[in-house]
Amino acid sequence: MRLLNLFKIAFKAIILNKMRTLLTMLGIIIGVASVIAMLAIGEGSKDSIRSTISSMGSNMITIRPGADMRGGVRQERSAMESLTLSDYKAIKQQADLLTYITPVVNGGGQVINGSNNWPSTIYGVNPDYLNIKMIDLQSGSMFTDAEVQSASKVVLIGQTVVDNIFPNGEDPVGKMIRFNSIPFKVIGVLEEKGENTFGQDQDDVVIAPFTTVQKRILAIDHLNQVIASAISEEDAPDAVTQVTEILRSQHKLTDNQDDDFNVRSMEELISTFSATSEMLTILLVAVAGISLLIGGIGIMNIMYVSVKERTKEIGLRMAVGGKGSDILMQFLIEAILISITGGLLGVILGLGSTVFIEKFLHWPTNVALYSIIISFAVCAVTGIFFGWYPARKAASLDPITALRYE
Amino acid sequence: MSKEIIKIEDLKREFTMGNETVHALKGISFSIKEGEFVTIMGSSGSGKSTLLNILGCLDQPTSGTYEIDGLKVKDLDKNALATIRNEKIGFIFQSYNLLVRTSALENVELPLLYNSKVSTEDRRERAIKALEKVGLADRMQHTPSQLSGGQQQRVAIARSLVNNPVMILADEATGNLDTRTSYEIMSLFQELNKQGITITFVTHEPDIASFSNRTIILKDGNIIKDNLNAKIQSAATELASLPIEDH
Numbered sequence: 001m002r003l004l005n006l007f008k009i010a011f012k013a014i015i016l017n018k019m020r021t022l023l024t025m026l027g028i029i030i031g032v033a034s035v036i037a038m039l040a041i042g043e044g045s046k047d048s049i050r051s052t053i054s055s056m057g058s059n060m061i062t063i064r065p066g067a068d069m070r071g072g073v074r075q076e077r078s079a080m081e082s083l084t085l086s087d088y089k090a091i092k093q094q095a096d097l098l099t100y101i102t103p104v105v106n107g108g109g110q111v112i113n114g115s116n117n118w119p120s121t122i123y124g125v126n127p128d129y130l131n132i133k134m135i136d137l138q139s140g141s142m143f144t145d146a147e148v149q150s151a152s153k154v155v156l157i158g159q160t161v162v163d164n165i166f167p168n169g170e171d172p173v174g175k176m177i178r179f180n181s182i183p184f185k186v187i188g189v190l191e192e193k194g195e196n197t198f199g200q201d202q203d204d205v206v207i208a209p210f211t212t213v214q215k216r217i218l219a220i221d222h223l224n225q226v227i228a229s230a231i232s233e234e235d236a237p238d239a240v241t242q243v244t245e246i247l248r249s250q251h252k253l254t255d256n257q258d259d260d261f262n263v264r265s266m267e268e269l270i271s272t273f274s275a276t277s278e279m280l281t282i283l284l285v286a287v288a289g290i291s292l293l294i295g296g297i298g299i300m301n302i303m304y305v306s307v308k309e310r311t312k313e314i315g316l317r318m319a320v321g322g323k324g325s326d327i328l329m330q331f332l333i334e335a336i337l338i339s340i341t342g343g344l345l346g347v348i349l350g351l352g353s354t355v356f357i358e359k360f361l362h363w364p365t366n367v368a369l370y371s372i373i374i375s376f377a378v379c380a381v382t383g384i385f386f387g388w389y390p391a392r393k394a395a396s397l398d399p400i401t402a403l404r405y406e
Numbered sequence: 001m002s003k004e005i006i007k008i009e010d011l012k013r014e015f016t017m018g019n020e021t022v023h024a025l026k027g028i029s030f031s032i033k034e035g036e037f038v039t040i041m042g043s044s045g046s047g048k049s050t051l052l053n054i055l056g057c058l059d060q061p062t063s064g065t066y067e068i069d070g071l072k073v074k075d076l077d078k079n080a081l082a083t084i085r086n087e088k089i090g091f092i093f094q095s096y097n098l099l100v101r102t103s104a105l106e107n108v109e110l111p112l113l114y115n116s117k118v119s120t121e122d123r124r125e126r127a128i129k130a131l132e133k134v135g136l137a138d139r140m141q142h143t144p145s146q147l148s149g150g151q152q153q154r155v156a157i158a159r160s161l162v163n164n165p166v167m168i169l170a171d172e173a174t175g176n177l178d179t180r181t182s183y184e185i186m187s188l189f190q191e192l193n194k195q196g197i198t199i200t201f202v203t204h205e206p207d208i209a210s211f212s213n214r215t216i217i218l219k220d221g222n223i224i225k226d227n228l229n230a231k232i233q234s235a236a237t238e239l240a241s242l243p244i245e246d247h
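These protein sequence lines are chains X and L, in that order.
64 is the number that UniProt numbering gives to position 64 of the first sequence; each next residue is one higher, with no gaps.
237 is the number that UniProt numbering gives to position 237 of the second sequence; each next residue is one higher, with no gaps.
Among the hints, erroneous ones may be present.
[To be verified] Derived lysine-lysine pairs resembling PhoX-like cross-links, with alpha carbons at most 20 angstroms apart: (1) LYS88/L / LYS72/L; (2) LYS78/L / LYS393/X; (3) LYS8/X / LYS117/L; (4) LYS78/L / LYS312/X.
Derived by calculation from the structure, the hints in this document are not laboratory data.
Build out the structure end to end from the sequences listed, making use of the hints.
This is how it looks when you write it as structure tokens:
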């Protein structure tokens, strides 16, 4: 018997029972749609985390003091004064996997312009900072190495600071402002970056030469951190190792002593956050997968009822020459048609709801092609798997009994 | 002498029910020649259903030989039996057994769907011809629920004819019909028989048997009578003599 004929027969049976078929498909439709939508949400949030972190500089390496013990007591990181300018210089000289490097000292304070003031954070850095953090300037220019040398009282400010202390919209470049009580000359405004994924306002900053901040504001000679950028994202892990070695010898640590600093690349941060969202994705997909399974059981149920209901028809088909294999194929094709059509509708619904989620809930989504392929394949397998038993049952009917069945 | 379509020798069929063995057919022999119109009669329990199942290649005898159109049926597997049913036998049932919500034409096409040698166009053409033969040329697109009992049985007859079988096997084909309609159906059978189609008709109604040219009577698994009808009645004449009903 030609396969095409079997397809026609199966198709006809489906058409004759539109409502029942649709209800049977519903499980599959919902299952597939939710797998696709869940994966799209998972992938989307992963992408958004990755892009946020990348916008902070994906090959950035952060070196912080830390994990020191004084008399057996672990100290708070801010209390550490183990990172010094000479560490920075050593890294700058010896590490060849780094392109940019800057010391960072930071402190909070009040930015004042006339009668307007605003609490903000001042970062003392060198000119490499903008390159590492990938920050552009709106207007004005960055301070120079010479200005760092001479501890000049110049600052660059972020848009949030501009909005709060220059409420009338005048150009801040060239104006004098005060940070706490120290007067500074504004020489540039940073490009707006908005909030990052963690809800931090990246425009609420004041940037000044680190020498100035060290001496005139904080009165310290250690560094809060050193940030650098690796030659490339791939080189970041090696750069981390390199920096660690330099610092260990710099701090004269013996082999059995722990690091009194820690070096992290953005890559680690990305994988930490991705792992969280991946975990969530797996959970969501598991739930969706279960609904797909239930959909499959629904198909089996209906096919089983259908075989029972059409016993007489099966008897007739056998009497007029249908072989067991023909009957088996007919019901199997029917089950597969139901599950594949359901899968197709599910894909459409899944894509539709993804668009909906993106548009109205503003969640980042990203439909992965593999999610469509996988859920579709699962559908076909579901059809075969759950269609097999009822079809087998139909095929093994005795034509005499089947014909007499009422 | 015309060709023997059916040849049965010492045919036995036993069923095992628990510890007991039921002898449904106790060694019967007969043959049916091409162009015969045979009725097989018998009360329930006589073994006529068992014989019908074996004749229709739905069941296998326990012993003895059964040949249809020169083919020995014994020891054939299920698939081979299905092929014989598909190509050599036309079935007609008491309850018509038409596919619901399926047009008369598609119902008639059904046996040919299981024959890969017949093309789609050929299938349609033969189904149309078969329906024309039973006088339903104007009802081809009707579904069973839109047809009367007699018309439904005509569709079933067309279905049994469509594969050009060597024999039509009818099981109480008039059992669900009123007298008038069953005479109409019998008249159709007689007409088809005149065209050379071999018919085996299982029934328990004696008046139906009178339309055939040979009657085999079964009792308790044995043939107790096998004779040619001396006086074959014409169903068409009988039909004409029925009082005209008011509708």
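Hint numbers not upheld by this structure, sorted from lowest to highest: none
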